[in-house]
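Protein chains in written order, with the working numbering: chain S, 131 to 218; chain Z, 131 to 218.
To be clear, the hints were calculated from the coordinates, so they are not data collected in a lab. Glycine is no exception: its CB is placed at the ideal position from the N, C-alpha and C atoms. Be a bit skeptical, because a hint or two may be false.
From the derived model, a few chain Z residues whose C-beta atoms are all more than 10 Å from chain S [what the hints assert, rightly or not]:
no.	residue
1	R143
2	R146
3	E174
4	R183
5	G190
6	G198
Pair by pair, the computed Cβ-Cβ distance ranges are [claimed, not checked]:
no.	chain 1	residue 1	chain 2	residue 2	range
7	S	A148	Z	A207	42 to 48 Å
8	Z	D195	S	A207	18 to 24 Å
9	Z	A148	S	H163	37 to 43 Å
10	S	D205	Z	A158	20 to 26 Å
11	Z	R144	S	A149	29 to 35 Å
12	Z	H132	S	A159	15 to 21 Å
13	S	R151	Z	E154	42 to 48 Å
Number of protein chains: 2
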Amino acid sequence: MHPLSQQFGAVLRRRREAAGRSQEGLAAAAGLHRTYVSMLERGERMPSILVARKLAGALGTTMGDLLGEVDRQADDAGPAPHPRRPKP
Amino acid sequence: MHPLSQQFGAVLRRRREAAGRSQEGLAAAAGLHRTYVSMLERGERMPSILVARKLAGALGTTMGDLLGEVDRQADDAGPAPHPRRPKP
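The task is simple: from the sequences and hints, build the whole structure.
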């Protein structure tokens, strides 16, 4: 898996959960399949900018805003990002 | 061709030309093939977010900034965008 797809997936999951949406609900709103949204959240697929825009629209924001957060996620994560840190 | 790929291509070409770069120079800096950059500028390919990030980096900016301009391009273009208007 590419670090960028993992970073995108982490941002997507965080935004979806913050909006109180299910994967199924978000997928339906974006015109995507639920299993594809699930794979995206796990970082298993690299989305096109069209998929990113569909998801951003379904979350009530823009592609630039959503991917700006992915940029910042990448900056925070550094060279070896790990989207889920276990609690000590 | 999808309107979004055309909008991305128009922004990419404008930014590249503003930076005084050739397609070949930009492609080399981004780690992409020149013919692929040419197809992107013509709106003939829908890039992944990874390709968008590579091109943004080669242009000295971020994915969020580059795609934020594509968002605004889409807003300006309206429902039937046409990236090259002939002069009257």
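Verification of the supplied hints:
1. Interface exclusion of Z/R143 from chain S stands, the closest Cβ pair being 16 Å apart, more than 10 Å.
2. Taking the minimum C-beta to C-beta distance to chain S, about 17 Å, the non-interface status of Z/R146 holds against the 10 Å cut.
3. Here Z/E174 stays apart from chain S, with its beta-carbon at least about 14 Å from theirs, past the 10 Å limit.
4. Listed as outside the interface, Z/R183 is inconsistent with that label: its C-beta sits roughly 6 Å from the nearest C-beta of chain S, within the 10 Å cut-off.
5. Separation of Z/G190 from chain S is adequate, the least Cβ-Cβ distance of about 14 Å exceeding the 10 Å criterion.
6. Against chain S, the non-interface label of Z/G198 is violated: not every CB pair exceeds 10 Å, the least being about 3 Å.
7. Range check, S/A148 to Z/A207: Cβ separation about 30 Å, and the 42 to 48 Å hint is violated.
8. Our hint of 18 to 24 Å for Z/D195 and S/A207 holds, since their Cβ atoms are close to 19 Å apart.
9. At roughly 39 Å, the beta carbons of Z/A148 and S/H163 sit within the given window of 37 to 43 Å.
10. A C-beta distance of roughly 25 Å is found between S/D205 and Z/A158, which places it inside the suggested range of 20 to 26 Å.
11. Checked against the given bound of 29 to 35 Å, the beta carbons of Z/R144 and S/A149, roughly 33 Å apart, stay inside it.
12. Between Z/H132 and S/A159 the Cβ separation comes to about 20 Å, which falls inside the hinted range of 15 to 21 Å.
13. Distance hint check: the CB atoms of S/R151 and Z/E154 are about 44 Å apart, consistent with the given range 42 to 48 Å.
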